[in-house]
Amino acid sequence: MPEIAFKGYCRGKKPLWNSVRSLSSFGKVWFMVWRYPKQYDVIVVGGGHAGCEAAHAAARMGMHTLLLTMNPSTIAQMSCNPSIGGIAKGHIVREVDALGGIMGKATDATGIQFRMLNTKRGPAVQSPRAQADKEAYKTWMRRYLEGMACLEIKQGMCEELVCCEGKVQGVVSQEGVLFEGKAVIITTGTFLRGLLHIGEQSFQGGRGGELAAMGLSGSLEQHGIRLGRLKTGTPVRVHRRSIDYSLAEEQPGDDWVYFSYDEKVKKLPQVPCHIVYTTKETKEIILSNIHRSPLYGGKIKSIGPRYCPSIEDKMVRFSDKERHQVFLEPEGLTTEEVYTSGLSSSLPFDVQYALVRSIPALKNAEIIRPAYAIEYDYVLSGQIDFSLESRSIKGLFFAGQINGTTGYEEAAGQGIVAGINAVQSVREVEPLILTRESSYIGVMIDDLVTKGVDEPYRMFTSRAEHRLLLRQDNADLRLREEAYRVGMATKEQLAQVLQKKKVIHEEPVRLGGIFTLFNGKNCSLQQLLARPELTYKDLLALFPQHMQDFGEELNTQIEIAIKYEGYISRQVSEVARLGSIEAIALEETFDFAEVKGLRTEAKLKLSKTRPRNLGQASRIPGIAPSDISVLMIALKRGRSC
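The letter at position 224 of the sequence shown is residue 347 when you use the working numbering, and the numbering goes up by one with no holes.
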């Protein structure tokens, strides 16, 4: 007979289960609550992009890990556009790779078009992007995770969070199985009480064609986790053969682009994307039916992503614009589905049909999947720490869209941090805290904790104060040593990055000592490479006897180090100056309410956010420089009053 779970788990001191047949937290009777015979170190709830990275990190660090997902067949499902990267997002993917994650490797292995964006601009804003084969991507990811020795994948919908005296104990699935774990990471994406909207029609779902998770929200709320609602959406997919590509502008890729810093894999066959534009007719169709939009009809109450608006939102907000760009992006090599990036909508199907066909290249387009909007629960700001651990329940972590972000990349960045820190929590050692000066992931988490969100959060390079230091090409130089420290990188990977640092430091000095005549002037090779019109590749051709070819990536980093030496030095100095305030720690028990001279508003905000240092405190909206001065005085006195 299976063992029945009645160990007396509790919420506070109130038993949750004390008999075979007992009442759960929200009124459902479990006739058979069975305690799974194994105990796990880390349990990850949800198999999306955050969940995959979290589970991989925990297992790679040697923890006995469970990935609990509603459907193993949809692990790493690309619910929206099967693309990875983009402006700032590509930086995050490379940071995930530098930390030992797998999103970059999966993309390199399954991408069908790669591009480096902003190549005509400075290195700080250049970013890789790839169109992935969506079926190949999730197959690669599932196969990789299934091959990990410390990781188990099980099907089940998480209904209940089990806690005792402020510490997580495990989860209960819809099937009535109790899985015990020392740490739990919630990565549920858009599934918590998900509600889909297509025109006047609304129905429950985590995404198109899949069930919503309706039970876990209630359990989280009963444990004191405050939830809010956000909204996102997706555009129509059309049949490839119904597109007239002669009326579209072809957009080729860049074969040399990769995401992973490690061994380069052989790529899949590469395909082009295409660009088309909406028309005056498109605008007329949308505006004449705007009252049928659940967004403008008042049916949708939640806030959507301001930086990725629906097509109806674009037509209203940018009414003076004649046309809007639409990207036609293939979803894979084995499907005829084409993603219409830029046509996100929640309008009724008949309106979607008409607006799509108002675009010349899509005049005969057949819609395979309609566009829809989705509302879902997320954890309100102020409840997670910089480690992504809950502030009220020890061992409980949140990562991905449940924290108010949007995008696969932002989810993956949080997932790997949550996975690493869940392990650190189990080991009872200090968490990995990424700073704004070290990474875009650090910028994102700092923003989530100190500033909070009132709309889906999307990463941009403009969010970083020192973006020239946080380039996509140097993420391994910034983060791989940290990865090695926590057990996410090998000795070989560490040695490789240390050698790169050595070359980048020494090569500009060596080039500065080699002089030659160039256009009648005696110049060092370093001075020549500093010129905007000359590249490292040019100097390799002009002075092969003096130049060394370290490979495309390292050559570029040497060139950037020389060309932008003044700007980089300035930012390094700025980081050092600001570091003085970041280094002034605030103890977890620091009582802001007792600080004399601190404004009441500041006391409330600081007590809610619980910054770890004065730098973080200074970034909280509503905290004035005078408040920081008062805190500094209190700290110098060695007491909080």
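Think of the hints as simulated: they come from the structure by calculation, not from any bench. Accuracy of the hints is not assured; some may be wrong.
DSBU-like mimics (lysine-lysine), calculated; alpha carbons at most 30 Å apart, straight line [stated by the list, open to error]: (1) K161 x K277; (2) K625 x K614; (3) K644 x K686; (4) K390 x K614; (5) K444 x K403; (6) K686 x K726; (7) K277 x K574; (8) K390 x K161; (9) K759 x K243; (10) K290 x K614; (11) K389 x K625; (12) K403 x K486; (13) K686 x K623; (14) K574 x K403; (15) K517 x K686; (16) K574 x K389; (17) K660 x K387; (18) K403 x K387; (19) K728 x K759; (20) K517 x K161.
* Unmet hints by their number, sorted upward, for this structure -> 6, 7, 8, 9, 10, 14, 15, 16 and 18
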